[in-house]
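Chains as they are written, first to last, in the numbering used here: chain A, 1 to 498; chain B, 1 to 334.
These are calculated hints, taken from the structure and not from any lab test. It is possible that some hints are incorrect.
To be verified - Simulated restraints on C-beta separations:
1) B:P111 / A:M193: 12 to 20 Å
2) B:Q303 / A:P133: 36 to 44 Å
3) B:Q304 / A:N409: 30 to 38 Å
4) A:L51 / B:N89: 31 to 39 Å
5) A:V419 / B:T241: 30 to 38 Å
6) A:G196 / B:E328: 54 to 62 Å
7) A:W380 / B:I332: 23 to 31 Å
8) B:T333 / A:I397: 39 to 47 Å
Think of the CB as a built atom: it goes at the ideal place given N, C-alpha and C, for glycine as much as any other residue.
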Amino acid sequence: MEEINSLMHGFSVALTLPNIGFMLIGIFLGVLIGVLPGLGGANGVAILLPLTFTMPPTSAIIMLSCIYWGALFGGAITSILFNIPGEPWSVATTFDGYPMAQKGRAGQALTAAFTSSFVGALFAVLLITFLSPLVAKFALQFGPAEFFGVYLLTFCAFIGMSKEPPVKTLASMMLGFALAAVGLDTVTGTLRMTFGSTELLNGFDFLTAVIGLFGIGEILLTMEEGLAFKGKSAAIKFSVVLETWKELLHHGKTFVRSTIIGCWMGITPGGATPASFMAYGMARRSAKNKDAFGKGEIEGVIAPETAAHAAGTSALLPMLTLGIPGSPTAAVLLGGLLIWGLQPGPMLFVEQKDFVWGLIASMYLGNLVGLFVVLTTVPWWAAILRIPFTIIGPIIIVICAVGAYTVNNAMIDVVLMLVFGLLGYLFKKLEYPLAPLVLALVLGKSAESSFRQAMLLSDGSVSIFWSNALVTTLVVLALGLLFSPAVAWLRHRGKEAH
Amino acid sequence: MNKSLIKALGTAFVGLGLLSAAPMAAAWEPSKPVEFVVPAGTGGGADQMARFIQGVVQKNNLMKQPIIVVNRSGGAGAEGFVDVLHTKNNPHKIIISLSNLFTTPLATGVPFEYDEFTPIAMLALDQFILWVNADSPYKTAKDYVEAIKSSPDGTFKMAGTGSKQEDQIITVKMEKILGKKITYIPFKGGGDVAVQLVGKHVNSTVNNPIEAESHWRAGKLRALCVMDDEPLPYKEKVTTTQSWADVPTCKSAGLDIDYLMLRGILAPPGLKPDEVAFYVDLFKKVRATPEWADFMNKGAYKQQFMTGKEYSDWMKAASAEHFKLMKEAGFITK
Chain A
1 MEEINSLMHG FSVALTLPNI GFMLIGIFLG VLIGVLPGLG GANGVAILLP
51 LTFTMPPTSA IIMLSCIYWG ALFGGAITSI LFNIPGEPWS VATTFDGYPM
101 AQKGRAGQAL TAAFTSSFVG ALFAVLLITF LSPLVAKFAL QFGPAEFFGV
151 YLLTFCAFIG MSKEPPVKTL ASMMLGFALA AVGLDTVTGT LRMTFGSTEL
201 LNGFDFLTAV IGLFGIGEIL LTMEEGLAFK GKSAAIKFSV VLETWKELLH
251 HGKTFVRSTI IGCWMGITPG GATPASFMAY GMARRSAKNK DAFGKGEIEG
301 VIAPETAAHA AGTSALLPML TLGIPGSPTA AVLLGGLLIW GLQPGPMLFV
351 EQKDFVWGLI ASMYLGNLVG LFVVLTTVPW WAAILRIPFT IIGPIIIVIC
401 AVGAYTVNNA MIDVVLMLVF GLLGYLFKKL EYPLAPLVLA LVLGKSAESS
451 FRQAMLLSDG SVSIFWSNAL VTTLVVLALG LLFSPAVAWL RHRGKEAH
Chain B
1 MNKSLIKALG TAFVGLGLLS AAPMAAAWEP SKPVEFVVPA GTGGGADQMA
51 RFIQGVVQKN NLMKQPIIVV NRSGGAGAEG FVDVLHTKNN PHKIIISLSN
101 LFTTPLATGV PFEYDEFTPI AMLALDQFIL WVNADSPYKT AKDYVEAIKS
151 SPDGTFKMAG TGSKQEDQII TVKMEKILGK KITYIPFKGG GDVAVQLVGK
201 HVNSTVNNPI EAESHWRAGK LRALCVMDDE PLPYKEKVTT TQSWADVPTC
251 KSAGLDIDYL MLRGILAPPG LKPDEVAFYV DLFKKVRATP EWADFMNKGA
301 YKQQFMTGKE YSDWMKAASA EHFKLMKEAG FITK
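Excised from the complex, chain B in its bound form (with noise of 0.2 Å):
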């Protein structure tokens, strides 16, 4: 009990630092609890992100005012983003990105374009290794592809989260590559898909790092290879004789993807400047504490920051890449 106490004084102490430094940073802060909307289910990764967001300003006194996290997840993320829409020029509202917010208007037909929204911040891109159970006989990418080859259509089966969206999207390139059909089975979320595969019930998953880590860490899974054109960072070992920089590129073995998923945050339209900076303040913020390093460290994120006009255009380029690969796949809902 008095170690947490002293714990609470310290961070209180930490918090008081912060808030005497804050005025000059923004003038403007909110007056009322910010609406944190997450267009996913709880539990995901986006969820994950937003919940730990709000541990954080909390703990670390980052804003007077809480923020509240709220799922809106209905339409495969639509309704959340509609709802931020329709809020125009509310600053005490913003929402957390996945790649949904390109993905879902293209397949739902729900009207909404990522750039109606005021962009505040790209807080890390997300990444997506493939995986096979640790009993199966794959040890390499390359194994694994030329099984898929060498059998007929259908034969290997991949898990993923939702339908026509990042999983599925990747799991259609991977198809184009090899020639093969690979059956694509989906399911409600990331954590689901993991414990299919652990379970043994389908082939493969694109599990996001933070979604599969913790049954890698078990000796559950096998890391193939990651979707980037780069390995990971990350040197700490992970299992007894893998770290995150172990695993290859898939590149390297033959399968050359590279799709890595926004986590970013954006805000209703019509934001003023000083709104939009004290956010991106806030974030800089964030990403300064130690627990966000643990966070990035734990779920192998790639860790890339971007704000203003460089945010907008990977964002434009990102929505035009999604228009193509959904299109490719026959994604598109007219």
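One chain only, chain A, in its complex shape (with noise of 0.2 Å):
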């Protein structure tokens, strides 16, 4: 098999001291990035990058992309410790993770988040390694109308999943849909609600909502409730990594599911955004006590992490081979290829096979020995919840505030964030769910941009969403998410009135 010849040289490529150096520092790195919300893996990079200008690309790139990883597995422990989402993707880790780690479960939900971030990322690094032609190809196929079914899908998986009555969850997300319609309409090139304010010339930026909706929103109903952080009388030992594995055994069926979703998102290239909240959607619909999810269930940590992590990984692939960036981080990454003078498309894999099999190696390599890195500190991160809350709070808020303001570099996000601090109190205090706004403002935007796009392409007519198999599946089973509760509610009903 020629994939393994070239993995094969490509280890070779990756495994060697320095290079292995490399990519301790840079998992390191990463995970420090990660933490910090608002410092982010773009910015992260973007600083980093220029040091690497004097090494060799691949080493080069092998650090980078560790620094990738770290940062996408550091993601996850702000999510879970404080309700602070650094990245899109970790906001569906949130929903499970933050209240295990409120019950005590700190250590059990890192090790299950990190473990399932490995999981996926091996899954996804397998399929690019063994079908990366065909994979290329696939993302081919999208045009707008695909990737409108793309986000439909994502949004009818996703809807009438949480607790909450189905007006507010759909409030919710309309109000989501509003946020993200200010600034330019990339359409028609005009500006929407900036009511001349320069300041609002770019929208809102996700990062500044979330920390403001979920981080300070949730740090003034820890205020409201006494100052105690709930998580603090937990037992703290290394043993729990290997407890905890034990227990996630059980959930094969979530671990295979979840990867499926992942990769086959990061392939579309729909994202790992998407892909966390749809395998959320589809592990809280397919489980048997619905309602514990949301309060503290591991099958709600596992599903989004794995997807997350298949996803961002197997999107590296069409990021590669296309040139298309997946994510800011991305973007600053491809943009440092170019100073190598190696150019992203189709023929890297043809040009640069050193490089790009150094890469796919450096992946596995990467992931595993990130794997190890974090779950060596998970006992430390968990202990952070021992600190008192009257030391840890302002110390949050203010890590929160510099998260914002670099967003931007801008003042008036730090005000921004305070606003929507106060409308997550809002919200959790009225019994509003926060997560549909957070999907709505995510994706709101591609998903209006690419259904105009369609509607431009098909002279307006709706036809252009059954017009090939491909969208006909998409939207097909996007209507059969969103009409299952209501399907399954009849039949219950019928049921009993014979």
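Starting from the two chains in their separate frames, assemble the complex, guided by the hints.
Quick look at the structure:
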């Protein structure tokens, strides 16, 4: 098999002593970057990129991609401990991760998150190794209509899954869409809802909103409840890792399903964020005990983390072969490739075999090294929760403010973060779900533009959404998911009537 | 590892050489990191060039202070331009400009003018090429033009970057010349646009060379013509049979369009002459590096360097031209 040979060659490129050193440094820096919200993978890579210019391209990309893996691992830490997702795809991890930490199961939640990330990424790398030519072709099938199909599927998989009344879910989602619409309308090139203010030209950034809604909102709630972190009594030992692994063995189905969702979304290229939401929604739908979700169910951590990493990893492939960066971090990485004289695109696999296979090999090694690094630190991360809130609370607020500021280097974002914090507090008090708002804010704009691009292509005819097998499948699946709760309910009633 | 160490030492020595020469050339130099604003998203042509310059400056030690690239793409770049305008007299901020310097104020109504900035230098001009999928039956620009002319309005789909910007201006120009409507579909970035064409979701694009180069080399796209009054000068083969120089002009196929995009540097209003001199000198050094030559070659840029009055005059003419084009296309927001 040619792939095996290429991969072995890749390992020989990646497995030199300096490269392993770069890997460790990268992972370590990455975890640190992931833990500090706002510093984020993109900024971290951008700051460190110039340091790598004097290194050989393969070593440099190995170190930078390890920072990327590290940041992915690290993102889960703040989501679970403080309810602050540092990246869009960690949002779904907070739903059950944070309640677990509050119940004193932070160690289990972290172990589950890290292990799931690893499993997701590993299967995605296997896919990349053996199916890369096929996968790259598949991504080309995606025009505007197909993209809209993917977004629709994500929204539908997620809707109707929250415990709150559907009207509240809908209201929250609509507010998210409205916020996403602020700024430049890419289809007509005119400004919307900026009211002449230059601060609003860029619209509302996801990170500002999420740090406020989740982080600050949670701190306000904690303050109201008497300044106590509930998880502080948890016993913290290394054995927690092994115990959690035993528990994870019972959730094989969730792993498989989430990996499939993740890989598929990564290739399509829908991306990690829709993948994590979709996997969470699907896990809840197929669970026996639906009500346990959102209150600290371990499956609610496994599903989004597995899917996000499977997607994040398999998304690297269309990125390298088509030259489209899937995330800001990836964009900075691609910029780096140019300095080393590598042009991302279909020819990269043909002309730069050393580089590509070295990178793929480093994905295996980087994730393995990453898993090892983060698992050994689980007890320490969990121990943070023992620090009294009066000390850690202000620190979190400062980190949040710095995070919001670095999004655009603008004070307005810090103010917005506080406003979103109040909004998050109100939502919790009035029992409105936050997740639909965030989902709509993150995907609203892309969903809108792909819908309108599709309409332009078809000259206004909706038939474009069933014009080929791929898009028809997506739309039918989406509608099926949307109406399945209603159908189940009707059937249930039908049975009762008999 | 050893090789890279030698390389690093080598660049350090070159850097030292340049540093010792520097004091004579420029009296002023930055005392803190320089913010390099990109009024566009990550991954596009302007962003690639800015990050490339950052890398070249760092690698060759052309400046003591680092350059930090910041993307401010809000409102089709208005965010970035307004930000630079508001920091008057600040010599530690520069901005890389593309055509949105002229089109954005007209399309969005955000008030800023090209002549409010301190001009530093034009680095190059970016070309536009008419691309079709390699599997399409159109072998030459003439084939494609005839096909559009003999089909009903709106049959042909053109993908482009953004709305009411350079790609759509070119499309409107084509419509005027051919007397047929072409459906224009805006996408977020040039990379997305090229992939939509490779995936056959649209009929053509007017991607810049660098955005489509790798797909062209892979045999997925066909370059029909270049929108300049003369063919490109790059004679090195890119595909197995063609070089950039082999792409004919659109004019020769009866599609008389001549459009080039500015890749230039501007600074906040009110910079002192010695501060301007430092940056002009810096970009001269950047242009002298082998990396830059390579970058120009890969992206098939039109190499033109202008500073001072020559550069302002060029922008004045370009601004008037864009006003005319935008007005004709009905893209001006009142």
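Evaluated hints:
1. In this structure the hint that P111 of chain B and M193 of chain A lie 12 to 20 Å apart at CB holds, the actual value being about 19 Å.
2. Between Q303 of chain B and P133 of chain A, the C-beta spacing of about 37 Å keeps the proposed range 36 to 44 Å intact.
3. Q304 of chain B and N409 of chain A have their C-beta atoms about 32 Å apart, which keeps the hinted 30 to 38 Å range intact.
4. Between L51 of chain A and N89 of chain B, the C-beta spacing of about 32 Å keeps the proposed range 31 to 39 Å intact.
5. Against the hinted window of 30 to 38 Å, the Cβ-Cβ separation of V419 of chain A and T241 of chain B comes to about 59 Å, which falls outside the hint.
6. In this structure, G196 of chain A and E328 of chain B break the distance hint of 54 to 62 Å, their C-beta atoms being roughly 27 Å apart.
7. Taken as a hint, the range 23 to 31 Å is violated for the pair W380 of chain A and I332 of chain B, whose Cβ atoms sit roughly 60 Å apart.
8. The hinted range of 39 to 47 Å is satisfied by T333 of chain B and I397 of chain A, whose Cβ atoms lie roughly 41 Å apart.
Of the numbered hints given earlier, the model fails hints 5, 6, 7; all others are met.
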